[in-house]
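These protein sequence lines map, in sequence, to chains A and B. Read in our numbering, the first sequence has -12 at position 7, and its numbers run on one by one without any break. Read in our numbering, the second sequence has 584 at position 55, and its numbers run on one by one without any break.
The reader is advised that the hints may include incorrect statements.
As the list claims (entries may be wrong) - Calculated Cβ distances over 12 Å to all of chain A for the following chain B residues:
| id | residue |
| --- | --- |
| 1 | Asn531 |
| 2 | Asn538 |
| 3 | Lys587 |
| 4 | Asn606 |
| 5 | Ile616 |
| 6 | Val651 |
| 7 | Lys735 |
| 8 | Arg750 |
Stated by the list, open to error - Subject to a maximum C-alpha distance of 27 Å in a straight line, what follows is the list of computed DSS-like cross-link-like pairs (lysine-lysine):
| id | chain 1 | residue 1 | chain 2 | residue 2 |
| --- | --- | --- | --- | --- |
| 9 | A | Lys279 | B | Lys648 |
| 10 | A | Lys68 | A | Lys279 |
| 11 | A | Lys(-13) | B | Lys607 |
| 12 | B | Lys607 | A | Lys(-6) |
| 13 | A | Lys279 | B | Lys693 |
| 14 | B | Lys648 | A | Lys359 |
Keep in mind the hints are simulated off the structure, nothing from the lab. Built from N, CA and C at the ideal position, the CB exists for glycine as well.
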Amino acid sequence: MRLGYKIAVRFLKSNKGQTLLIILGIAIGVSVQIFIGSLIQGLQKSLVEKTIGNSSQITISSNMDDKIISDYDKLLTDIETADDNIKEISVAADYPAFLEYSENSQSILIRGFEIDKADGIYNFIESIEDGTYPRNDNEIILGVDLKKEYGIQLNDEIKLITTNQDTVMCKVVGFFDLKVSSLNKNWGITTLSTAQNIFDIGNTITSIEIQVKEAAVFTADEVADKIIEKIDNNNLKVENWKVQNEQLLSGLQGQSISSIMIQVFVLISVVLGIASVLAITVIQKSRQIGILKAMGIKNSSTSYVFLFEGLILGMFGAILGIILGLGLSLAFTKFALNPDGTPVIALYISYPFILVSGLIAVVSSVLAALIPAVKSSKLNPIDIIRNN
Amino acid sequence: MNNILELKNIDKIYGTDIKTQVLYDINLSFEQGSFNSIIGQSGSGKSTLLNIIGTLDKPTSGEVLIDNNNVGNMSNNKLAAIRNRMIGFVFQFHYLLPEFTALENVLMPYEIKGGKITKEIVKKAEEYLSLVGLDNVKNNLATKMSGGQQQRTAIARALINEPKIILADEPTGNLDSDSTENIYELLRKINQEIGTTFIIITHDRKIAEKTDRIIEIKDGRINLDIRK
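Isolated chain A (complex conformation) (with noise of 0.2 Å):
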């Protein structure tokens, strides 16, 4: 084996192009394949991350008539001892009620929050643009989209009626931008007491929200179940984010499958590069491999001096192309820009993945080499010194 790799060490060296051709080749193709990675694993996180980052993930609510969750402070210590990947957990009173405000009036969803809770879930306090956010009893925050169709200041009253035709009176100390128009238009967010004195339902809620660590965002269907088994209440209906939106996650699949085809035709490109210029190879160092056979080479050591041009071509071309492929990952997310200088696609640069594209890079060099190798070791020293 020692003689092997020096024999193929040597070969190589001999002939510098045609090595450097083969090196560059295998690269571009690693590179090619940890760039698309990149891409689309960075894609689907961004837009993962659009669509469910700041929602609720697993929501738990009432089967019951009247929605309502009473002593929930049980039914959380259960969830939180659920499952690990529990990130969040916020509680949620939700009611609908009518908004008024000068002239105007329109259909509202209050939502009373454990603010500092539900921030976890729902960044309410950074997406605030102007004012603060509801500490104390009867403040409400809107959405900006609200504040710019009826005009309402900065603490102005407005008037909420229930459907029970109760009127409260509200102050709007802030307003929100969650980037989602429906929620900026359809949301009045206050304290969990508020919403409770509003409605009147004493201390009950209407749903649990939770999130999901990163890691198991693409599990919350495991999650859930394990907390449904744990809670093990019919009341009760758990819900997670992959049912509530197959569509993007059938979206999300198909682009994983047309990565992962781009990423195999690129390997088998590469692996069919090797292949056929090793055989060449072969040919033009057919009369080598005569001459050491007749010095008393073993047909396996042949082999191997094939098998290591295969490992070493891999190895440097697997590293050559981390670093290109690295490097066009760079360049991508530095120069293709936003106008507010954010990348216009967030790469995710996997070092697993790299990893694991590099390493498969130096198998399939190897596998590559395996045709030559036989070849090398069933040729037949005779037919070299015969026919010279």
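Got chain A sorted already, so can you dock chain B onto it with the hints?
Only chain B this time, still in chain A's reference frame:
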């Protein structure tokens, strides 16, 4: 003297559909340390005979015994080991590895044997190179040497594992007459100093007459076998 090499009833037929018999019932034996030549016209079968002796080719029937071992039913790896340890080849077209230097080419059979490159073996290789008069080009790539230098490198290479037999097929076939003379003197010197058995194919009768035994092959049969 012991016979280092024996050929018994060797037939060689090429082709399966159209059969061409190249060798007919060859019986020969070679003594250890002898200096032999095989002559014959081109196409007479002398190269085929040498290839069969060197285990590169297999006879259609008959036996080849090298150092009293029948090589007929040996595995490829066993044959490779025999070629590596017992036989040194010198071909007409010197067949050096162009990617390696003269010294590395000389060391190659030793490395194939599995030996580690030590100072001692490098020294030995250099001694053989100086024996063939190549001190000053030992680190040249094979392609950077003249034909005669390459041929002499091939001889040093054939010697490195101290084989019992050296088979040379027209070793001076494409060299000028001065180089030819030098090479033969060199082979003779090695034969006398190390005691290696030589079997040399040549079409040059003048050269053949300098050997101890001349075997003439004609149309696949032994036509003459003269010992001095």
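To see whether the hints hold, each was checked on the structure:
1. No beta-carbon of chain A comes within 12 Å of the beta-carbon of B:Asn531; the shortest separation is about 23 Å.
2. Residue-level check passed: B:Asn538 sits 21 Å from the nearest beta carbon of chain A, beyond 12 Å.
3. Non-interface call for B:Lys587 relative to chain A: violated, since the shortest CB-CB distance, roughly 9 Å, does not exceed 12 Å.
4. Chain A draws B:Asn606 into its interface by the beta-carbon criterion, the shortest separation being 5 Å against a cut-off of 12 Å.
5. Annotated as non-interface, B:Ile616 brings its C-beta within 12 Å of a C-beta of chain A; the closest such distance is 8 Å.
6. The Cβ of B:Val651 sits about 15 Å from the closest Cβ of chain A, beyond the 12 Å cut-off, so the non-interface label holds.
7. The beta carbon of B:Lys735 sits about 25 Å from the closest Cβ of chain A, which is more than 12 Å, so the claim that it is off the interface holds.
8. A cut-off of 12 Å between C-beta atoms confirms that B:Arg750 is not in contact with chain A; the least separation is 21 Å.
9. Taken as a hint, the A:Lys279 and B:Lys648 pair is honoured in the structure, with Cα atoms around 25 Å apart against an allowance of 27 Å.
10. As the CA atoms of A:Lys68 and A:Lys279 are separated by approximately 62 Å, the hinted pair breaks the 27 Å bound.
11. Under the criterion of a C-alpha separation no larger than 27 Å, the hint pairing A:Lys(-13) with B:Lys607 is consistent with the structure, at around 23 Å.
12. Proximity of B:Lys607 to A:Lys(-6) is assessed by CA-CA distance (about 31 Å); at most 27 Å being required, the pair is judged violated.
13. Only pairs whose Cα atoms come within 27 Å are accepted, and A:Lys279 paired with B:Lys693 is accepted, the gap being roughly 20 Å.
14. Pair hint B:Lys648 plus A:Lys359 does not hold up; C-alpha atoms about 35 Å apart against a cutoff of 27 Å.
The structure is inconsistent with the numbered hints 3, 4, 5, 10, 12 and 14, although it conforms to all the rest.
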